[in-house]
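Peer 1: Based on the provided sequences and hints, a complete structural model is requested.
These protein sequences, in sequence, are chains A and B. Going by the working numbering, the first sequence opens with residue 6, and the numbers climb by one from there. Going by the working numbering, the second sequence opens with residue 6, and the numbers climb by one from there.
Nothing false has been slipped in among the hints.
Label-pair distances were calculated between CB atoms; the ranges are:
{"hint": "1", "chain 1": "A", "residue 1": "Phe161", "chain 2": "B", "residue 2": "Gly98", "range": "22 to 28 Å"}
{"hint": "2", "chain 1": "B", "residue 1": "Pro30", "chain 2": "A", "residue 2": "Ala71", "range": "51 to 57 Å"}
{"hint": "3", "chain 1": "A", "residue 1": "Arg294", "chain 2": "B", "residue 2": "Gly98", "range": "40 to 46 Å"}
{"hint": "4", "chain 1": "A", "residue 1": "Arg309", "chain 2": "B", "residue 2": "Thr296", "range": "29 to 35 Å"}
{"hint": "5", "chain 1": "B", "residue 1": "Arg293", "chain 2": "A", "residue 2": "Ala167", "range": "43 to 49 Å"}
{"hint": "6", "chain 1": "A", "residue 1": "Arg309", "chain 2": "B", "residue 2": "Glu298", "range": "31 to 37 Å"}
{"hint": "7", "chain 1": "A", "residue 1": "Glu33", "chain 2": "B", "residue 2": "Glu36", "range": "50 to 56 Å"}
{"hint": "8", "chain 1": "A", "residue 1": "His31", "chain 2": "B", "residue 2": "Thr296", "range": "46 to 52 Å"}
Hints are computed from structural coordinates only; laboratory data are not their basis. By construction, the Cβ of each residue, glycine as well, lies at the ideal position given by its N, Cα and C atoms.
Number of protein chains: 2
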Amino acid sequence: MIGAAPGGAPILVVGSVAYDTVRTPHGEARERLGGSASHFSAAAALFAPVRLVAVVGEDFAEEDLATLRERGVDLAGLERRPGRTFRWAGAYGEDPNEARTLRTELNVFADFDPRLPEPWRHTPVVFLANIDPDLQRRVLEQVERPKLVAADTMDFWIRAKARALERALQGVDVLLINEGEIRQLTGTRHLLDAARAAQALGPRTVVVKRGEYGALVASGEDVFALPAFPVPRVVDPTGAGDAFAGGFLGYLARQIARDAALDLRCAAVAGTVVASFQVEDFSLDRLRRLTWEELRERLEAYRRLTSWESLEELA
Amino acid sequence: MIGAAPGGAPILVVGSVAYDTVRTPHGEARERLGGSASHFSAAAALFAPVRLVAVVGEDFAEEDLATLRERGVDLAGLERRPGRTFRWAGAYGEDPNEARTLRTELNVFADFDPRLPEPWRHTPVVFLANIDPDLQRRVLEQVERPKLVAADTMDFWIRAKARALERALQGVDVLLINEGEIRQLTGTRHLLDAARAAQALGPRTVVVKRGEYGALVASGEDVFALPAFPVPRVVDPTGAGDAFAGGFLGYLARQIARDAALDLRCAAVAGTVVASFQVEDFSLDRLRRLTWEELRERLEAYRRLTSWESLEELA
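Peer 2: Here is the structure:
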């Protein structure tokens, strides 16, 4: 578990808390803590206090509450309802960028109607994880003048609720989205054009997550590209995108707490490095035991991986 | 055309000179100058004198000779034989990483038996473009103590002549290879593991070309990852890998000329930037009219695209 106290501005996250069953070439994990909001929380809590709004069923285990709580995640917004917790089952082949969904049981998540505890209405940083865009908008309506709103989405909502998604995006500062999904959202294959088209829908900043190929950040006119950190073994890619979002927003939350200018590039590096830990084990297992020392070491390794000197003799 | 005189050590390239017919979403080019050695030469000649060993048929046009000559490519090793020049026809869909071969006519290339002009036997830098690995080895046998030998290969040779390829690789310092092909060569999906496995075949340095996803350089223990430069329009991806190799080796040839330590990272940046120009037009059209001013500007743009400050508050 992490040693340092997080120094960032509070982050509110709304999304799914689930029990996942995942099969990968490295093994299988059955009925383990998962869901976009869980993965995001475990990552963001490295950097800032996290407030989780989600719903679980009666079957949700005390030890899983403890896992989140120990990471410093505030569970005052975690509703427990009659019925079973959301379940997802999926499998990965050799390509970690491609998940095959085997089963989805919405269970209590089907009627999720996120309500913020009153004191949370003033949370400065908001992450709308991948849920129904109408819910994303309803959450935003409950937050008063947040400093930074980020959102994720997925192919299902792009297909099924395009209009609602476009409405939701109007209130979003940062859209984090997969490479395949931004192409689907914008109908544009060229990634920079797609990012520009997505910016035109509202978000000033668009972060394209490319899995093992890294990420691209378009913000205003600025563009930043960075490779992924190649870990020796991708045990389970599930949650990598949410962990990226957690590291990214967590880093920005620290800058917001200090009233510093937002450095989106360093935030993307933080997201990249945190995501590289996420995929090293199933469920939240790797982020749970991650130390600041390991995080710092890998940031340094990432700098070595990506740094180069000026090409002086050509300048 | 480029302005500055190239200051690098001479580079010998052996490969194909062809007439390509290419269809992409941006148009079609019929019977235009192509082939791995042509693309490589046009790129490498930006940085160093290039010596081309290849074969063409009686139909090869004087203006195409002129194109290469004007770029400073020495054609003393370009054999002209009875028959037609090698032809390739291919098409790209929306994914620039995937070429579909429509037709291959080896023609005079079928009996290509590369012979180096006597004075070229002492060329310090050698690039064995994607040809039969037995020919690659026969070329190497004709060069005396080169300082740097690089080679490319492709799926066809990996399948058809695996043994010969492994023998050829024993004399190679730098293997440049596509992502899909290194997986095929090594039977390993994980890219770092694949690079390590390829290094074990001989080359101290392995450069994995990932198309629009950039490149990975493994050299000894060191690893460097870099993203591609996202150009506004990929008109024709043909030759991007060869142009990368040309920029990469051209940059190293300049360092060899100055007896400087080889900076593989900057060389990979040079390759990346040169390849980004290559894809902006058909045939050699973009590299032909490329100026040093444009090259310098894009190197600066690439630095802006990829640079980030230390994450100080986490260190």
